[in-house]
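Fit chains Y and R to the supplied structure of chain C, relying on the hints for placement.
Protein chains in written order, with the working numbering: chain C, 1 to 253; chain Y, 1 to 253; chain R, 1 to 253.
Read the hints as simulated data drawn from the structure, not as lab findings. Hints are not guaranteed to be accurate.
Stated by the list, open to error - Looking from chain R toward chain C, a few residues come up when the C-beta cut is under 10 Å (computed): (1) 3; (2) 33; (3) 35; (4) 37; (5) 49; (6) 55; (7) 102; (8) 175; (9) 231.
Please read all numbers here as calculations on a predicted model, not as lab measurements. We treat Cβ as the ideally placed atom computed from N, Cα and C, and that holds for glycine.
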Amino acid sequence: MITLASDFGSPYPAAMKGVLLSRADARLVDIAHDFPRQDVRQAAFWLREILPYFPPAVHLVVVDPGVGTARDVLVATAGDHVFVAPDNGVVVPVAERMDADPSYYVSSPDDPASATFHGRDVFAPLAADIHEHGLEAILEREDFRPAETVARVEFPAPEIRDRSVEATILVVDDFGNAVTNVPGEFIADAMGETVSVDGEQVPVRRTYAALDPGSRLVTVGSHGNVELAVNRGRGADAFGVSVDETVQMEKSG
Amino acid sequence: MITLASDFGSPYPAAMKGVLLSRADARLVDIAHDFPRQDVRQAAFWLREILPYFPPAVHLVVVDPGVGTARDVLVATAGDHVFVAPDNGVVVPVAERMDADPSYYVSSPDDPASATFHGRDVFAPLAADIHEHGLEAILEREDFRPAETVARVEFPAPEIRDRSVEATILVVDDFGNAVTNVPGEFIADAMGETVSVDGEQVPVRRTYAALDPGSRLVTVGSHGNVELAVNRGRGADAFGVSVDETVQMEKSG
Amino acid sequence: MITLASDFGSPYPAAMKGVLLSRADARLVDIAHDFPRQDVRQAAFWLREILPYFPPAVHLVVVDPGVGTARDVLVATAGDHVFVAPDNGVVVPVAERMDADPSYYVSSPDDPASATFHGRDVFAPLAADIHEHGLEAILEREDFRPAETVARVEFPAPEIRDRSVEATILVVDDFGNAVTNVPGEFIADAMGETVSVDGEQVPVRRTYAALDPGSRLVTVGSHGNVELAVNRGRGADAFGVSVDETVQMEKSG
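Just chain C, same shape as in the assembly:
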């Protein structure tokens, strides 16, 4: 099985699929191709939340704002999963969630500027060949070396002070829910009550449907983080927040 994730939109992912199917007899599964363009951190968040639900697979990830620069090609392993991606940190959070001690290998392109479509010409052939021939044969053939360091993306740590927190919006999902970096535990003791969000009291509930349609609420999303939401509406709009912005939350009592 090979999964595909990118910020390519359409139809470029199909060229990667052609390359994969020409070189490997693999089931292909699309994760998403509409990750916010060239935003490594948001893609890293979603991959960390989604890929752990998959059985062992080769995960091909191409969100690559550094294409055409000297950034390395990364192969990571976590348990029986293999990740193929640019060395920009996009697969590090998911690899580290799956395995306390993932292995990282890097290869430096001879001529980084030689292809504008590395997804098709570099990453897809590599993922296909790992699927067909096994990791060891490919690491050797392609002149990979164990990585001393890898590029990382940092999710900002929430600044929790007693009963208040400065929360950062990590992503806004397709429903409009604004997902923060605050662990759901923060609001566990406020469930059924309210918290202050930038000075306004907002109900804390376990489910969207606990309130009337259109009502704002603070809840815990399926990823375990605190979310700013609206029942049947778009939380990010109702709270007036965007990715990377911060809000102050404070529990009473």
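Structure of chains Y and R alone, referenced to chain C:
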């Protein structure tokens, strides 16, 4: 084979795919994940039009405005097809189109508010297990009971009075065609002529291409219903109609 | 393997998938279903760039502004690839790229206006049956004849005069890159320098990342054509160009 349909957009459906592939050796086929959000009736319309073209499969459908409430989990069977969905009516029209007497089973969640992502945590595992272990084993294991009643969605009946009808727009498709609830037979005897739509005479034609690009027409869509359309344009815009709105159509003579 | 490409958006492609899977035991691969609506030339461009990366397959293509008219149904073969499409030229460029001398067969519908959804009712069954039963059996059964001529789409030839060219924008990709009809060789001797685009000097670079984010550049895309681009931005917007428009490019010296 397991088909997937939802209003999740991207990338949440991928988490369901991971769960399915972890538990079942099944071919996955996406129906759509961009159904109008939390609109059970529009999703029910499309499923009724599309799923009958499929060979026997487990159909996983998650359009679930009642997530987090006490609504039941529904398993329906129609011939060799099995549907897994919330008990809100979304799969009832397609089940009844496929089989005059579908079977319905429901299960009540112990703690409906315990998971915000029932698609991933409740419905996908259930669909996978039915695919792998067969319906009977699962119905028993999961404490399902035959349903005495199931939730239903009602498509408004067209009010036909002799040569006129009050038509309701059921859906607007991606081409912009406004699909009404009026059976195509209504305009069979007006083909090649005109009908009045809210007082304006509009040509009735069998195909979009029968008129110049940009021309409005009334036709019968692939679903068999009367459609308000524009050749190479968006009928809903040209007629100024939206889902759930009504128009008056009248044949002359 | 059957690939699917259309301008249907969602969810109509799923009906084609149901038909294909009911008639054929084939792997299905989506190329794209969001080709610019009823724009045969843009679809033909993308198919020519993408399908050659695939292993032998039946390629089902439905971009069909002439649906409901007397246009023929086309089956084309290029090497071990088979194309099923309306006879409007959409698959001719890719067939001719794959094979210097493709074979073309056409069939005239008995009643072209009899179905509004030819993708589901005509093209998908044909593609499935070719996949299952082989081309020869189907060409005979369906009353196909070798085509004396086929409809063609013409990509405008760039007007190159010494060191200047009038370039036409063929497509704008999802990244916003404006892809011209000018072969990349035209700017090979200007790499690292600038060219004039409609009178303004713009850097010519091999990769987007060679300049600061937001910078306009002229480069060669993965398809080998000259592109108007912006590093991490939308070239078409920054250059103010749309599909079918022309720009004047001139190399200095």
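**Asked** Would the stated hint for residue 55 of chain R survive a check requiring a Cβ distance to chain C of less than 10 Å?
**Response** holds (5 Å)
**Prompt:** Taking the closest Cβ pair, is residue 231 of chain R under 10 Å from chain C?
**Reply:** Given a least distance of 9 Å, the restraint on residue 231 of chain R holds.
**Prompt:** Holds or violated: is there a CB of chain C closer than 10 Å to the CB of residue 35 of chain R?
**Reply:** holds (8 Å)
**Item:** Hint status (Cβ of residue 175 of chain R to nearest Cβ of chain C, threshold 10 Å)
**Value:** holds (7 Å)
**Interface hint status, residue 33 of chain R versus chain C (Cβ within 10 Å)** = Interface hint status for residue 33 of chain R: holds (8 Å vs cutoff 10 Å).
**Request:** Identify whether the interface hint at residue 49 of chain R stands, where standing means a beta carbon of chain C within less than 10 Å of its own.
**Result:** holds (7 Å)
**Message:** Restraint: residue 3 of chain R near chain C, CB-CB cut 10 Å. Satisfied or not?
**Reply:** holds (8 Å)
**Asked** With 10 Å as the cut and Cβ atoms as the points, is residue 102 of chain R at the interface with chain C?
**Response** violated (18 Å)
**Asked** Was the hint right that residue 37 of chain R lines chain C, CB cutoff 10 Å?
**Response** violated (14 Å)
In this structure, the earlier hints numbered 4, 7 are contradicted, and the remaining ones agree with it.
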